[in-house]
Structure formats: structure tokens, C-alpha cells
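*Asks:* Chain residues, written in single-letter form:
2 protein chains.
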Amino acid sequence: MISSTQVVTLARRPRGPLRAGDLAITDQALPPLRPGDVLVRNTWLSVDPSIRIRLAETTPDGYLPPFALGEPLAGLALGVVVDSRSPEFAVGQHVSHLCGFREHAVVRADGATLGGYGGLSVVDTLDHPPQWFLGPLGSSGLTAYAGVHAVLDVKHTDTVWVSAAAGAVGGLVAQLSRLRGATVVGSAGSPAKVEYLRERLGLDAAFDHRRSPLTDRLAETVPAGITAYFDSVGGDHLEAALDAMNPGGRVAVCGAIAAYDAETPPPGPRNLFQLVSKSITVQGYRAGSYNDLLPAMQREIGEHLAQGRMHYEETVFDGLESAPAALAAMLEGLTTGKTLVRLDENRS
Amino acid sequence: MISSTQVVTLARRPRGPLRAGDLAITDQALPPLRPGDVLVRNTWLSVDPSIRIRLAETTPDGYLPPFALGEPLAGLALGVVVDSRSPEFAVGQHVSHLCGFREHAVVRADGATLGGYGGLSVVDTLDHPPQWFLGPLGSSGLTAYAGVHAVLDVKHTDTVWVSAAAGAVGGLVAQLSRLRGATVVGSAGSPAKVEYLRERLGLDAAFDHRRSPLTDRLAETVPAGITAYFDSVGGDHLEAALDAMNPGGRVAVCGAIAAYDAETPPPGPRNLFQLVSKSITVQGYRAGSYNDLLPAMQREIGEHLAQGRMHYEETVFDGLESAPAALAAMLEGLTTGKTLVRLDENRS
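Protein sequences, first through last, are from chains A and B.
Heads up, the first sequence is in this note's numbering, so the first residue is 250 and it goes up one at a time.
Heads up, the second sequence is in this note's numbering, so the first residue is 250 and it goes up one at a time.
Excised from the complex, chain A in its bound form (with noise of 0.2 Å):
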């Protein structure tokens, strides 16, 4: 019986961008299984944005608690059962939760979830690439395919703009709104990014974010304007998409990457008034809200994926000892489609 497991924890709050010193790796006694509990070995780790927000001092209102100093970290992760005291879970199985950043966990069958999404549950990968199911089906997919379906409800006479649209959920929403006949424009970080969004996502325009102001950006990129926005990143993004909307448009928000490093949060756009005088209706949600949508889901994009209608990207780093640098770098945006941390059985 497994009695210690390395863990990822929070160090030190980090001021300004993450850097990856401000997490640390160290070994934490697992407690032994109590009625309910399963013991889980990890195989793959989500490293998503939104964690940042709980490495800040507060998070704010309606969201998850920050993590505690020297606290282990948590996402949404994949792995093996190998003990269970819960007659739901058998030895073997392979299983999806939120106890990421960590070797094992010992997770209960009952457990939290995030926003309604990621308790313990078991995962058949069918004929995927496990990591699919943290990735394009998994809470990266649920995310785009609300936002596209449920909450744009994107139509082919849609012009839409996708911030972050290299990023795990980003690239997903820009492929599924090009898949409903949209004319798609994505934004990314890199001159890299912008070749990766035209070349490989296939989409119907790009720009770097990088060279604002973006207001200009939209302008040249997309004269006629836009009809929806996909907003992850907020601040100056949402500002923008504000000015290029036609009467009518619609914003989808799940994410507000631009404030995260923040001490206090960046003021708002200045120009919400346009709400009003175009009649824009601006949605924030989070996926767990949708957890219906998730077999359609899972079966649309397991299809697309399959069978090249969709290009699925993903940066990949080995080992526990890389997850600080791998949510480092992702937040600083060096990273292309889905972040993942695999860990290898025989190395732990």
C-alpha cells in the first residue's frame, strides 16, 4: 500500500505572472482509505488557465476558494483506479476527477466538482487517445461546444471573432463555428500562432493580439464587423469586440485570462454603453452548467476528429516535475492547443 505521493503545491503567491518558483514538488502522506474513498494513480494532468485565479489571495465571488499556502494544487486530471473502498469503482478502471497535480490521490466517489463538471467518474476512452477526455471531450470540448451551441448558437450567417484561438478551448470554438458555415476570425499571441490559426485551424482570417490597438486589428481584419465574440481573455479583448459588433451581436465569456495576474482586476471596457445602442447580449457561463450536452458532445467531436474535419493540438510535458513550468508556460502563452502534464507509471 502506497503510503506518500508527490504533490504540486503552492509555494508562494505569486505576484504578477506565475513563474514557475512559485510552485513547489513535494511528498505528502496519503491517508489511508476510508469507506467511499478510491485510491487513484494519475496518468495525465489538465493545466488549465483558470487555475490561476486560485493562486491569487481571494477569487472571486461565486468561484472556488484560493489554494492555501503549501496546499496541493487541484484540476481536472485522468487515471487508474489501483484501491477502492467504493462499490462504484473497481481496481483497473480508468477514471476522470479533480484531484490533479499530484501521483495519487485518494479521491471520494462523491466528491466535489468544478462548477458542476469533474467529479470522480469513469471514463471509456473508446478508440481515443485517453487524453482526449481532459482535452477535446473532455472539459476543453464541453466548454467550446456550449459556448458554440448553446450560448452563441453560431449560424452560418455569423461573422465570429475567437480570442485565444490557439488555446485548448479557443481552437475548438473556432473549428466548430467554421463547421456550422461561420466566417471565423482567431486571434493568438505569436506570429506562429496566426500562421497555425490560418494554416492548420483552417480558419477564414487571423491576427496577432499583440499588435493593438486590436480595435484596429478587427478593423482591418474584419471591415464589416463582427456578430459574436468568444471571449476568454477580457479587458482590452472585450473592449474591442464591443466596437467591431454589429446591432444585434453576442458574446459568450468563459474566461478572463487578461485579469488573472492581476492584484486588483483591470477596470472594465469604457464602452459598455454599446450594449445598449446595439442591443448586445454578453453570457458568462461555465461548463459545468451543461453537463446535458456532454454525450452529443463527446460523440460530435470524437466524429470530427476522426475523421479530419478537426485538427486537435496538444503540448505535452513528462512527469510531475514539469506541471510549474508547463502552467507557466502556458499562461505566458508558449503553448499551442491543450496543455498536458503525462505521467509515466514507471517513473513514479
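Keep in mind that the hints are not guaranteed to be accurate.
What the hints assert, rightly or not - Just the calculated beta-carbon pair ranges, DEER-fashion:
hint, chain 1, residue 1, chain 2, residue 2, range
1, A, LYS404, B, ASP567, 36 to 44 Å
2, B, THR564, A, GLY430, 29 to 37 Å
3, B, ALA545, A, ALA441, 51 to 59 Å
4, A, GLY319, B, ARG264, 52 to 60 Å
Claimed, not checked - Here are a few chain B residues that sit away from chain A, every Cβ distance over 10 Å (derived from the structure):
hint, residue
5, PRO266
6, ALA269
7, PRO280
8, ARG283
9, ASP310
10, PRO336
11, GLY360
12, ARG429
13, GLY430
14, ARG447
15, THR470
16, ALA505
17, ASP510
18, PRO514
19, PRO516
20, SER526
Hints are computed from structural coordinates only; laboratory data are not their basis.
Quick caveat: nothing in here was measured; it's all calculated off a predicted structure.
Yeah, the Cβ is synthetic: ideal placement off N, Cα and C, and Gly gets one too.
Guided by the hints, dock chain B onto chain A, whose structure is given.
*Replies:* Then chain B, alone, in the frame of chain A:
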């Protein structure tokens, strides 16, 4: 045949709050009627916060253009047809139109609307006071009715915060929400108005928005938070609403009074991430998008008023020369309910 008329013009662009002296009363020649023109003697002028938007150097994208210096202001008005070159309008008919802020107006029978609302049309006042068709049975009523019924879809389980609740639109929103069984809290800018909200409009709670921070006022007034917010103010009001909002909350935005006096619009709320963390939807709208609700609105609000279930207040200024002071007073928050200018036939 009348050859000239008194009009209210923009004498100089206001810096900060409007002063009556920023406007002037001048005599302007009336053009001869061309085919399709109708000459109207105005009887009632609507004094609305949104007029302030067009007094600035530039207006937000999607909105009407600024008034030019020396140009007559425009706004919703009621009047009587005194000459007509249109087969659709006959002398003596009561009409509503957009050429307010003057005594006589030459109006195109097929002329412009304001965001889809307010083109020249015959008004059948039935047994109601005619000026109600600028207030609770006119644009104020349609804005309020669309906000409560279509945008927020207020339910009896809701706790609704209504900003500017002693104003023309806010007072109707608050009472329509109350009549739908919701718990309603209103805010306004003086102790007398707060008492008015509690005593005359029968709201469940009310507070003075000048006693900031608003987040504390809301926490005192509705400790369990709100589920919907009706926004005609923006700025600190919208920020406080997001702080007080329950998950799944809705915001209807019909204006942003807080920004109208600013040379540069103030920054938006810092807490927009709560759109995500609490799955909040913010919908901007204009009454003109809901013209199909006009008959139902007039029937429903008309009955509420006739049977004493709703209270309607108006602040009336007499004579065109009072229009600049009326607009300045309304924007300063010194009026209650609908602000109107009455033009007496015998004075002009």
C-alpha cells in the same frame, strides 16, 4: 400659415453636468410643406436622459449622431396636426413623433425612428391623459415592459434591484416586477425619493445610492442577494449588482446615465469575471426592438393605472422656455417620475 417657430438649440457643448445655459431658445424659419410633410403643433415634450448622449462631441457606435451646435434638439413629442401634405394624416389628429424641443415641427410622414420607435403616428388616447403616451403608455412604458417581460422575464421567485427607480422607466419596472410577485428593491438619489419608493410605489425595500459603497447598501438591504438587476445607470451600479448577484442572475441594460456627463466614458466594472463565476447574462436593449409588445403594454399598464394598481408620477414644466431647465433638472436627479414640458396653445 405659420412661417417660424421657437426651438431649443444646442448653444455650447456641456462640460460635465448640463447647465440650462448650454441650451438656447431661438426662432427658426419653418420650411414650406412638401408632399409627405405634416405640420404639427406640439403639446407635450418628453424629457429623457438619453438626450444628453447627443449633446457630446461624439456618440457611441450604433447610436444616433451628436446634435450640431445651433441645431434644434430632438426628442419624443405629442402634438396636433395643423396642416398636412400626407394622405395618412389629417388636420386635428393627435400624433406622436420625434421632433420635440420646438413649438411647431414639420415632420415627414415616413420619417426617421429612434432605434425603431417613435416615427410619426396617430395616437388614440382613449380615456387616458394624453401625456401618458410619452410616459407609461409610450416609450417609457415600452422600455419598462420589454425589460421586465422580455429581457429579464421577471418571476415571483426573483429579487430584482431597480436602479433610478424614482425615474420614468425605473418606477414602471419596479412596479411591473412587484405585480409579477417579485421582491423589489429600488435605489434613488435622495431620502425623499427613497421614501417615495417605499410609500408610493410600495417596493419591498429602497436605499439612497449616494450613500456609497453601493455593495454595502445592497448587502444591508438584501442580504441574500439579488437574482436580477435593471440597469439604467451603469458604472458603480453595475459593479455592485454583479457583486450582489446570485448564480444564474440576469441584467437588463437600457441606459448608462453615469457615463453621459463624462468627456471620456468611465471604465467599466472591475468584477466582470463574475459573469463567468456566477453564470450571469447581461442584455442591452432598446425599446424599438420590442414594438410588437406595444399593444399588450398599453392594455396591461393602462389597466393597472386605471384600477390603481400602479402609481404614476410626472414632473411637468410649462412652456418651451422651461425646456432647458427641465432637461438639466431631470439629469441632476431633481425630478420624480416622468419629466415633461407642456406647451399651451394659448401661449404660443
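*Asks:* Can you list which hints this structure breaks, lowest number first?
*Replies:* 1, 2, 9, 16, 18, 19, 20
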